[in-house]
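Sequences listed follow chains A and B, in order.
Residue numbering for the first sequence is 297 to 429, as defined by the working numbering.
Residue numbering for the second sequence is 73 to 469, as defined by the working numbering.
Hint data in this document are derived by calculation from the structure and do not stem from the laboratory.
Keep in mind that a hint or two might mislead.
Unchecked claim - What follows is a list of derived Cβ distance ranges for each label pair:
| id | chain 1 | residue 1 | chain 2 | residue 2 | range |
| --- | --- | --- | --- | --- | --- |
| 1 | B | 196 | A | 399 | 40 to 46 Å |
| 2 | A | 401 | B | 113 | 55 to 61 Å |
| 3 | A | 427 | B | 175 | 44 to 50 Å |
What the hints assert, rightly or not - Computed cross-link-like contacts, SDA-like style, restricted to lysine to any residue with a CA-CA straight-line distance of at most 20 Å:
| id | chain 1 | residue 1 | chain 2 | residue 2 |
| --- | --- | --- | --- | --- |
| 4 | B | 94 | A | 424 |
| 5 | A | 424 | A | 316 |
| 6 | A | 375 | B | 281 |
| 7 | A | 424 | B | 206 |
| 8 | B | 189 | A | 366 |
| 9 | A | 424 | A | 404 |
| 10 | A | 424 | B | 355 |
| 11 | B | 365 | B | 336 |
| 12 | B | 189 | A | 404 |
What the hints assert, rightly or not - A few chain A positions that, by computed beta-carbon distances, are all more than 12 Å from chain B:
| id | residue |
| --- | --- |
| 13 | 336 |
| 14 | 377 |
| 15 | 419 |
Model, not experiment: these values are computed from the prediction.
Don't be surprised by glycine CBs; every beta carbon is placed ideally from N, CA and C.
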Amino acid sequence: MSPPLPGPTRDDAEFWAAARRGELRFQRCTGCGRFRHYPRPTCPRCLSRDFAWERSTGRGTVWTWTIVRGPTLPAFESKQPYNVVDVLMEEGVHFVSEVLHCPPEQIRAGMPVEAVFVAASDEITLVKFRRAP
Amino acid sequence: MSAATIRGRAAVVGIGQTAFGKSLGRSEYDMALEAILAACADAGLSPRDIDGTVRYDMETTDEENLLAALGHPDLGWFASSAWGGGGSASVLVLAATAIAAGMASTVLIHRSRARGKHSAYGAGVHQGGRYWERLGEVALTGLNKWHVPHGLVAAFQEMAMIAMRHRIEYGTTDEQYAEVAVAFRSHAVRNPHAVMGTPITIADHHASRMVSDPLRLLDCCLETDGAVALVVTAAERARDLRQPPAYILAGAMAAGGHHIRLSTYYERGSNRTDDGAPRAARRLWAMAGVEPKDIDVACFYDFFTPLVIMALEDYGFCGPGEGGPFVERGGLAWPDGRLVCNTNGGQLSEAFIHGFNNTVEAVRQIRGTSTAQVAGCELALVAGGNTDPTGAVILRR
C-alpha cells in the first residue's frame with residue numbers, strides 16, 4: 297500500500313518538480329538571502345516577496361526524531377517500527393523526513409544525514425535521507 | 073470611560089457533563105445536548121437565556137444544530153476558537169470578550185467528542201472517530217503534505233518529536249514523565265467520573281508499551297467519548313445565580329507555532345520564549361496582577377506527560393529545563409505537591425474531552441467541590457495545549 301501523497305499547489309509545485317529531477321530545492325529570499333521551508337509567499341525575516349528556488353546541499357543533521365511503534369495508518373504498518381526525523385539542513389531550514397536503512401537504536405540527535413530521492417508516483421518523489429559520513 | 077478589559081468582567085456560573093467512557097455508543101450531538109442542558113440547570117438558567125455561543129471550530133454540534141435543539145434562542149454572538157486543544161481555554165477568553173464588550177450576556181461553551189478507539193458510528197459529522205485515520209483518503213493538502221508521507225500522521229507522533237527535543241536539550245527523563253502520569257492517576261482514582269480508576273506506579277508507567285519514542289502508552293491522553301459544557305455570564309449577574317461564581321480574573325491568547333508544522337515550529341531555533349504558551353503567559357500574568365506562586369491549582373492541557381513538564385516552564389512555575397525536576401517526588405500530586413495539577417485526573421486519566429473537562433474541573437476547585445479539593449482554593453489556572461496556538465485563563469473565587 298502506498299503512503300498518502302501530496303497534491304502539489306501553485307505555492308509548492310516547483311519543490312515537487314525539482315524533487316522529481318533528483319534535486320532538493322528551497323525558497324531563498326532574494327532580499328536578505330534567508331532560506332525557508334515550508335514554501336510560502338514571503339520571507340519571515342525581511343517580508344520580501346522575491347525569492348528563487350535554490351538547490352540545497354542536501355546535507356544536514358538530525359534535530360529531533362521519533363520511532364513510530366504504535367497505531368499508524370495502514371500504509372505504514374508493515375514497516376513499523378520506523379523513524380521520523382526533523383533534519384536541520386545546512387541552509388538553516390528544518391525538513392521532516394525519514395532516515396532510510398537506519399535501525400531505530402542507531403538514530404540519534406546530531407547525526408549527519410544526506411538527501412536521497414525516492415519516487416512514490418509519476419508525479420511525486422519523496423525526499424528521504426541516509427546516514428552521511 | 074475606563075480602559076476596556078475582560079479582567080473580572082465575567083464568571084462561569086454553570087457546568088455540566090455526560091458520563092465519560094471509552095465507547096459509549098452515542099453521537100457527539102446527543103452527548104453535547106445532555107451536557108448543555110445539565111450546565112444550564114446547574115446555573116439555574118433556561119437554554120433560552122443563552123444569547124451567545126463559543127465553540128471549538130472542530131466541534132460538530134454547530135450553531136445551527138444548537139438552535140434547532142435548544143428552542144431557537146436569540147444568539148447575538150457566536151464565535152469559535154481554532155487549533156483544537158490549543159483553544160481549550162481560549163473559548164473562555166472569547167466568551168469573556170463578548171460579555172465585556174456587551175455583545176452577549178450569557179454565553180454557552182461546549183465540547184463533545186466520540187473519540188474512543190472504536191467510536192466511529194457510521195458516516196456523518198456527528199459520529200466521531202480518530203481524525204487521523206481519514207488522512208490519505210484524498211491527496212494530502214495544506215501542511216500535512218510535508219510530514220504525513222513519511223509516516224508522521226498523528227498528534228502523539230508529532231508531540232513525541234517535540235518531547236524528544238526537550239530531552240536532547242535538558243535531559244528530561246522517563247522517571248519525570250512517569251511522575252506526571254502517576255500523580256494524575258492518583259487524582260482520577262478519587263474521581264468517580266474518571267475512566268481510569270486503578271492506581272499506577274512508576275514501574276507500571278515504564279512497563280507500558282512505547283508508542284512513539286519517547287512516549288509510552290501511559291504518557292498519552294485517553295481516547296474517550298463524552299461531552300462537557302459551561303455557561304458564562306456577566307460578573308454582576310453571576311452573583312444572583314445559583315452557584316458560587318468562578319470569576320474569569322484574566323485571559324490571554326497567543327499564537328507561536330503548531331506541533332504539526334515542525335519546520336516552522338523550530339524556525340526560531342529551540343528557544344520556547346516566543347512560542348504561544350509563553351507569550352500567552354506574559355499577557356495573562358500582567359492582566360491578572362498575580363504571579364505563579366499565587367496559583368492554588370493548575371489544569372494544564374495534559375495531552376502527553378512531557379508537554380505538562382514544558383507547560384510548567386512556559387507559564388513560569390520554573391525556568392526553562394526545570395520542569396522535569398519540578399514534577400519529581402509527587403510535585404504535581406494532591407494534596408502536598410509543589411503545584412497541584414489536574415485534580416480530575418486530567419486527560420491522561422479522567423477523559424479526553426479536548427481539554428474542556430479540565431476547565432470544568434478548575435471551576436469545581438473554585439466552588440470547593442472537587443474530589444481532590446485544594447483547601448482554600450482561590451485562584452486556578454487553566455491552560456490550553458502549549459504546542460498549539462493557545463490561550464489560558466485564571467479563575468478566581
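Consistency of the hints with the structure:
1. Our hint of 40 to 46 Å for residue 196(B) and residue 399(A) holds, since their Cβ atoms are close to 43 Å apart.
2. About 56 Å separates the C-beta atoms of residue 401(A) and residue 113(B), a value consistent with the hinted range of 55 to 61 Å.
3. Restraint check, residue 427(A) to residue 175(B): a C-beta distance of roughly 58 Å breaks the suggested window 44 to 50 Å.
4. The straight-line distance between the Cα atoms of residue 94(B) and residue 424(A) is roughly 38 Å, outside the 20 Å bound, and the hint therefore fails.
5. The hinted pair formed by residue 424(A) and residue 316(A) meets the criterion: a straight-line CA distance of about 13 Å does not exceed 20 Å.
6. Distance restraint check for residue 375(A) and residue 281(B): the Cα-Cα separation of roughly 18 Å lies within the 20 Å cut-off, and the hinted pair is therefore satisfied.
7. For the proposed pair residue 424(A) and residue 206(B), the alpha carbon gap of about 24 Å is over 20 Å, so the pair is violated.
8. A C-alpha spacing of about 13 Å is found between residue 189(B) and residue 366(A), which places the hinted pair at or below 20 Å, so the restraint holds.
9. The hinted pair formed by residue 424(A) and residue 404(A) meets the criterion: a straight-line CA distance of about 16 Å does not exceed 20 Å.
10. Proposed proximity of residue 424(A) and residue 355(B) is contradicted: the alpha carbons are some 41 Å apart, above 20 Å.
11. A hinted pair counts as satisfied when its Cα atoms are at most 20 Å apart, and residue 365(B) with residue 336(B) does not qualify at roughly 33 Å.
12. In summary, the hint linking residue 189(B) to residue 404(A) is not supported, as the alpha carbons are separated by about 32 Å, beyond the 20 Å threshold.
13. The beta carbon of residue 336(A) sits about 9 Å from the closest Cβ of chain B, which is not more than 12 Å, so the claim that it is off the interface is violated.
14. The Cβ of residue 377(A) does not lie farther than 12 Å from every Cβ of chain B; its closest approach is about 8 Å, which violates its non-interface assignment.
15. Not every beta carbon of chain B lies more than 12 Å from that of residue 419(A), the smallest distance being close to 10 Å; the non-interface claim is violated.
In summary, the numbered hints that this structure violates are 3, 4, 7, 10, 11, 12, 13, 14 and 15.
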